[in-house]
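**Q** Please construct the entire structure, taking both the sequences and the accompanying hints into account.
2 protein chains.
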Amino acid sequence: LPIERFSGVLAPVITPFDKQLNPDGGRLANHCRWLLSQGAKLAVFGTNSEANSLSVEEKIHLLDTLAEQGIDPRQLMPGTGCCALTDTVRLTRHAVELGCGGVLMLPPFYYKGVADDGLFAFFSEVIQRVGEDRLQIYLYHIPPIAQVPLSLPLVERLVSTYPETVAGIKDSSGDWRNTAALLSQDWDDFRVFCGSESFLLATMQHGGAGCISATANVNPAAIHQLWANWQTDQAETLQQKLDRTRQFFQQFPMIAALKATLSLYANDSEWRRVRPPLLPLSADLLEKLLTGLRELVFDMPRLEEFTAG
Amino acid sequence: LPIERFSGVLAPVITPFDKQLNPDGGRLANHCRWLLSQGAKLAVFGTNSEANSLSVEEKIHLLDTLAEQGIDPRQLMPGTGCCALTDTVRLTRHAVELGCGGVLMLPPFYYKGVADDGLFAFFSEVIQRVGEDRLQIYLYHIPPIAQVPLSLPLVERLVSTYPETVAGIKDSSGDWRNTAALLSQDWDDFRVFCGSESFLLATMQHGGAGCISATANVNPAAIHQLWANWQTDQAETLQQKLDRTRQFFQQFPMIAALKATLSLYANDSEWRRVRPPLLPLSADLLEKLLTGLRELVFDMPRLEEFTAG
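Sequences listed follow chains V and H, in order.
Mapping of the first sequence onto the working numbering: residues 3 to 311, in sequence order.
Mapping of the second sequence onto the working numbering: residues 3 to 311, in sequence order.
These are calculated hints, taken from the structure and not from any lab test.
A portion of the hints provided could be inaccurate.
One copy or two, it doesn't matter: identical chains are merged, so the pair holds either way.
Below, a list of computed lysine-lysine pairs in the BS3-like style, where the Cα atoms sit at most 27 Å apart [as the list claims (entries may be wrong)]:
1) K243 to K290
2) K114 to K21
3) K114 to K290
4) K290 to K21
5) K243 to K21
No experiment lies behind these values; they were computed from the predicted model shown.
**A** Put into structure tokens, the structure is as follows:
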């Protein structure tokens, strides 16, 4: 049977750390279970997961922990793109062997200004070295952070060379014209995800698959509601509500704000930790976040009612 | 005894790959021996070493191979800065345990726009986790590629907090004003290296320690000659000769050009391979390089006479 490709809302799942700054698999599994209960799927090891602050060993261990804790690997789209070919192959192979529904793959991001031929060679080597028919790659285009874009001609060449493997793309360029250009292609069953729910309605209206968005960590049900109802009369209103939530979070350093928010939901200050070079919210920003969360009217969990997991 | 800090000319040693694109420890050791014979020291795992295209395991294995092959670890300044704290700690600790004279440390380079406090926390964690008095860190400032600069206030804070450990900096900003600002500090025994021999004479005249430069892979003796004679009447002439060589190489993609040049020196085409996402020189550029090398008059090894190792 061919593997069903992803659609819907995915959260780049934030990664909890213990007092020694080691990843906390138990809390991560709890958060994953809650996200699934809210209709979101699991893009663990995304940018907002601090994935690039984790070693390959730590990521492999976390994937194994999630599987042991009963998270369905078909709901997992782990980020597996590293700077080094050998790291990317090792982590991708592990994800496939575990039965993950797909992987989200950054280009190698240290060297800048590399040619499309070089990026094509990188992805080709990964696909050939992993050597698994089950491998489903979702390309990860995030030029503001990776500083290595995936051009439309490169994506087209990858899709036409590996149509069974290159399954889709997450466009975190923030540039709607780029997302629209991807959506206007007629590649068979190619799944386009926007990188922010601000573009979710437009993405769905143009034939997209959904979104993979930071704020799905804290607002998954409402984002999923728009995804499920984008063809209804409610859609514009739902999008506007999502936009207000998004704008609220964009006032803060995103990862620290997501973690602080989850620490409020779960009444668990352990969730606030980030790994250097990131910083937790300052006391001032934490207060501003808390006040804002209580004042804002949007479809978020009631703080006093919810405990993650 | 306190560890003597580095000075002189270091090459960010290019990394040879075999047919399977695995690092070739034997050829690397040969090249290191030749560089040492020409007066250069060994900044293995720099940007021009394709270090970020290697896994931590591959780097550890290469370090062990160099030690086994008799390379004096005190001549080694391996690059050990990775995106993940745990990777950086692991590789740095290994380098210290092997007796390396120092390490060259990139900041974590995935997340952009991070605060100096976050970068300080990263370097602090590394220093404390490695927990070795012998650790000598040379900071690696290369904003054009890492896209994460090390500001002067950050460097000052690191030096004043860890004066025994933070031993120097490589400035690959290409901005002489930044190098001059670093050179104008009066930090005790702090070693400033320029990232290109184009700035070598000026760096030495302002109290610097030397340079760590890509082209030291192919032109080490001439660069060392200027370093050793910067106070003599020859200095300006030597600098001008170095500049012409540098300008010649800057017409090409640097890493591929260095490898192609070494393949000519060593009469060994194996040296031409790069790992994706980099590309080897095209046939046209290879021809242009070859022609240029034969026409240029500078102090480079005579091609017909030299075999690496």
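**Q** Hint by hint, note whether the structure agrees.
**A** Okay, the hints, checked on the actual structure:
no.: 1; hint: K243 to K290; in the structure: within (20 Å within a copy, 60 Å between copies)
no.: 2; hint: K114 to K21; in the structure: between (35 Å within a copy, 25 Å between copies)
no.: 3; hint: K114 to K290; in the structure: between (37 Å within a copy, 24 Å between copies)
no.: 4; hint: K290 to K21; in the structure: within (25 Å within a copy, 57 Å between copies)
no.: 5; hint: K243 to K21; in the structure: neither (36 Å within a copy, 55 Å between copies)
Violated hint for the displayed structure: number 5, the only one.
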